[in-house]
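A.B. asks: So the chains spell out like this:
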Amino acid sequence: MMANVETNDRTDVEDVLRIEDVSMSFGPVTALRSVDLHLRRGEVLGLVGDNGAGKSTLVKILTGFYKPDRGRIWIDGEEVRLRSVQDARDHGVETVFQDLALVDELSVYHNLFLNREHTTGGWFRFLKNKSMRAAARRYLDDIEVDVPSIDVPVAKLSGGQRQAIAVARATQQKNMKILLLDEPLAAMGAKETSLIIQLIKGLCRQTDISVIVIDHNYTHLFEICDRVNVIQQGRVTLDKNLNEISMESLIELMVQSYRREISQPGPGRETVTEVSVGANIEVNVATHTVQDAE
Amino acid sequence: MEPDSGETALSPAADSDLDERRVPTSTLRRLVDLHLQELVIAVVAAALVLFFTIDSPYFFTSANGAALASFIAPIAFFALAEVPILILGEIDLSVGEVYVLSPFLVEYLNNAGTPIWLGIILALVISAAIGWINGLITVKLHIPSFITTLGMTFALEGVILIGSNGAPANPVGSGALVVWLGAGTWAEAYWAVGAVLILHFMLRRTSFGLHTVAVGGNSESARESGVKVDFIKIWSFVLCATIGGLIGILDGYHIGSIDPDTPGLTFMFYGVAAAVIGGTALTGGRGTMIGASIGSIVLGILEDGFHVISVSSFAYDLILGIAILIAMILNVQIERATIRGAGHGSFARALDFIFTRRRKEPVRR
Chain R
1 MMANVETNDR
11 TDVEDVLRIE
21 DVSMSFGPVT
31 ALRSVDLHLR
41 RGEVLGLVGD
51 NGAGKSTLVK
61 ILTGFYKPDR
71 GRIWIDGEEV
81 RLRSVQDARD
91 HGVETVFQDL
101 ALVDELSVYH
111 NLFLNREHTT
121 GGWFRFLKNK
131 SMRAAARRYL
141 DDIEVDVPSI
151 DVPVAKLSGG
161 QRQAIAVARA
171 TQQKNMKILL
181 LDEPLAAMGA
191 KETSLIIQLI
201 KGLCRQTDIS
211 VIVIDHNYTH
221 LFEICDRVNV
231 IQQGRVTLDK
241 NLNEISMESL
251 IELMVQSYRR
261 EISQPGPGRE
271 TVTEVSVGAN
281 IEVNVATHTV
291 QDAE
Chain C
1 MEPDSGETAL
11 SPAADSDLDE
21 RRVPTSTLRR
31 LVDLHLQELV
41 IAVVAAALVL
51 FFTIDSPYFF
61 TSANGAALAS
71 FIAPIAFFAL
81 AEVPILILGE
91 IDLSVGEVYV
101 LSPFLVEYLN
111 NAGTPIWLGI
121 ILALVISAAI
131 GWINGLITVK
141 LHIPSFITTL
151 GMTFALEGVI
161 LIGSNGAPAN
171 PVGSGALVVW
181 LGAGTWAEAY
191 WAVGAVLILH
201 FMLRRTSFGL
211 HTVAVGGNSE
221 SARESGVKVD
231 FIKIWSFVLC
241 ATIGGLIGIL
251 DGYHIGSIDP
261 DTPGLTFMFY
271 GVAAAVIGGT
281 ALTGGRGTMI
291 GASIGSIVLG
301 ILEDGFHVIS
311 VSSFAYDLIL
321 GIAILIAMIL
331 NVQIERATIR
341 GAGHGSFARA
351 LDFIFTRRRK
361 EPVRR
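Protein chains in written order, with my numbering: chain R, 1 to 294; chain C, 1 to 365.
One chain only, chain C, in its complex shape:
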């Protein structure tokens, strides 16, 4: 079905005076265009490393590297879990409580005679089921995900407190499996790096990822294009909760104890903060796994760095708050400048001038 070229010309911009609009896009230009915020935040991360290294001889050591890793890895996992959900314009508040719950599940199952490896698998399946329920309620019953997952957060908290009687416990198991699952110094970091790579690939190089961005960008258009909007949303919630369950187990083994009073909600919000700082838009349609990872590296460096240079960790929260605000402002301004065309703010205009000068060519009415 190919119309002959002459008569059926459909060329809204075929005029010769507009031919210059067809500008070849170099790989670098595309990289800058699409990943401006990731690049900015990566520079910030590098600057922070430089600052703390100069300030304290202790910062750039392998011992501190391990500490850094255990700061960064959990934040990164939460950020990775939330990114697809945030891209969809939703939020999952309950992933933090899934994180608290899952190591207890392993313990209970083990007490009931289930081998540890099977207990871990079952705990992950239960985590996934929690995400599935979140997704189902949100999508099928049209409850905003904020409310759905808020309810789930309190419900899970109740389950944890009832099940544990409010008492902390030690994660079950020993030996190679446990070392491998987080007790080893760098184990969590390896898991995090693996998760970043796999999830980045999933978001950027699979139909599922493309559809996630499409639904987040314009769910009505996506639906009209035949994208299974409900399917995408439900499975993103499943993925999020499963990652929450996984990091709960890893962190349980890493820390060496599990506490029912762990503030899961706060941990979840660190992840959201990292994702936002890394360029994910809370309004949906925009966000990357790499950006979220860099965002969590920045938060981890700040947290660790303040310990190292002996600044009160109270200041960390202040810095975090300011960082989120700056990141969000940057996010909106960059989106206006590079995606929506000319922005309204002076900052957007400046960015527009720097990065999209080519679009100052004659534009058709």
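Isolated chain R (complex conformation):
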């Protein structure tokens, strides 16, 4: 039923990112099967799918963490091979990881500049702490992130502050073209969530930064995204602009596929444990798959 991919064919707009035929397996587990995906300049693209569908694998490929078994990637029309995280960064891809990628023991400003330290002395790479502290203070003030002090270890910060530092680290890069947000709103209070959403919206309005966001909360997605791609079992099964699809029909679509899976449980796949459609139209579907590739 889902085999033919529904796409909108407005591909004439300039794409900042283009992925063709990307596949990846971990041993016997296939995480991605011939995924095609594109991202327009200034667009916010939402990626949805159940746990283990391959979203995070896709993000980790774009981050330079994994090398895909097959497939090609273009950034700004130029074909690229992302060999490392640094490589992806050099191509303007910044990521806010699910685990935030902060080092608790290091100070706020060292975390902000981790692996991008201001240094002097050439090969010796002596740290210019003064310069980093000043730049960190300036930037955090600019985007109104309030931390007790930029000298404290990030372990001392609250969850929302840590999240803000992780986002700030990605957004401070001048050459950033694509921002990847891997469940940026997970484990956050309502207030922090709305602040992050505002930040993402603001970024997209003022710059030509493009964003890919993974989120399980459809209310958030409909608030920030222009377009949504559904990934199911390693394939992109739906590609719609959000003005072409209602939240109800998207939810219906996801739930339908889960119902199918319940009726025909595949090998290595357990049944859906919880399906709840709340009054605030949020869907919270948790599946547990043995072949969880994320």
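Hints are supplied without guarantee of correctness; some may be wrong.
To be verified - Cut-off 30 Å, straight-line C-alpha distance, at most; resulting in silico cross-link-like pairs (DSSO-like, lysine-lysine): (1) K130(R) / K228(C); (2) K130(R) / K67(R); (3) K228(C) / K174(R).
Claimed, not checked - Just a few of them, taken from the derived set where beta-carbon distance is under 10 Å, the chain C residues facing chain R: (4) D55; (5) P57; (6) K140; (7) P144; (8) H200; (9) F208; (10) L210; (11) N218; (12) S221; (13) R223; (14) S225.
Said to hold, decoys possible - From chain R, some residues computed to sit far from chain C (all C-beta separations above 12 Å): (15) D21; (16) S23; (17) T95; (18) Q98; (19) R125; (20) R169; (21) D239; (22) N243; (23) S246; (24) I262.
If you are wondering where the hints come from, they were derived from the structure by calculation, not from laboratory data. Cβ atoms here follow ideal geometry from the backbone N, Cα and C, with glycine treated the same way.
Since the structure of chain R is provided, determine the placement of chain C on it from the hints.
C.D. replies: Below, chain C alone, put in the same frame as chain R:
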């Protein structure tokens, strides 16, 4: 790329009632916060000096100073070598055997016609290569460093025994070079002080040092930030083994003989003990060169002091054991109090009250 301030406010703690959380941090407060354990152990060192000075008129003399230096310097070198490795959450057991091996290498190379200076350089290169192999096996083949370096320890011991036939030897060479390399009374101490300064700078003021702490603190986060985790680990092993080779040569010239039966493993553990007493966490992510140096000064003072006041040196091991336990408990408690926020133990709560009272302000939910 700077969002305008009004609309894109990202300020999790911007509420006026929480503004007091932005507390200016004075240099002193930061020093106390970050170096509490070093300060504590420095006070212990000073107290020990005072105790032995009162107890024996001989302790605070220049002659004993030289003895002290030759106790402290080797321990300090081993501690310095291990600190980056321990920060990374690894351990190098084999550095003690590299220490035993390197002066023999100089001798063999000299016997084969290599000039001493070149022999020393080659011995250091071979030491570095041993560290490189340790690092490579640990990182690329995913063998725990404890096992890797344990195997290397026995292998090197075998090499030394085979090469020397189990017989002690005298280090080759004479003249200014040898005096300079450790035969001089204070030579080793100068080398140690130089090493402390250079390595402290490396750990605190270079990208390499920052990345070492980052990898030790959270290697997954470091990797996600693009830090070359494998590179950092391998080169830390190289650095450790090279320092081991250097102190082997220095100590060989200082003592005036080299013995294949030298217990390298024990020497290595003295270094680890000094590092731990000086605030290095065996779980990784925490440790300083200065702390390790002060730790080795404490151990050196104890060892020398017991000789001076004629207490059985057997008691030294007892004291050492207790000191390590106390240091480790202190380490964990301080980390809970100052880094992780409120600790669970009563001691942590007391420290929390003394040093981090400011954090008792309203904290957001």
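A.B. asks: Evaluate each hint against the coordinates.
C.D. replies: Quick rundown of the hints versus the structure:
no. : hint              : in the structure
1   : K130(R) / K228(C) : holds (24 Å)
2   : K130(R) / K67(R)  : violated (37 Å)
3   : K228(C) / K174(R) : holds (22 Å)
4   : D55               : violated (40 Å)
5   : P57               : violated (45 Å)
6   : K140              : violated (16 Å)
7   : P144              : violated (22 Å)
8   : H200              : violated (13 Å)
9   : F208              : holds (7 Å)
10  : L210              : holds (6 Å)
11  : N218              : holds (5 Å)
12  : S221              : holds (4 Å)
13  : R223              : holds (7 Å)
14  : S225              : holds (4 Å)
15  : D21               : holds (26 Å)
16  : S23               : holds (23 Å)
17  : T95               : violated (7 Å)
18  : Q98               : violated (10 Å)
19  : R125              : violated (4 Å)
20  : R169              : violated (8 Å)
21  : D239              : holds (28 Å)
22  : N243              : holds (23 Å)
23  : S246              : holds (27 Å)
24  : I262              : holds (34 Å)
Figure legend: structure checked against the earlier numbered hints; hints not met, in rising order: 2, 4, 5, 6, 7, 8, 17, 18, 19 and 20.
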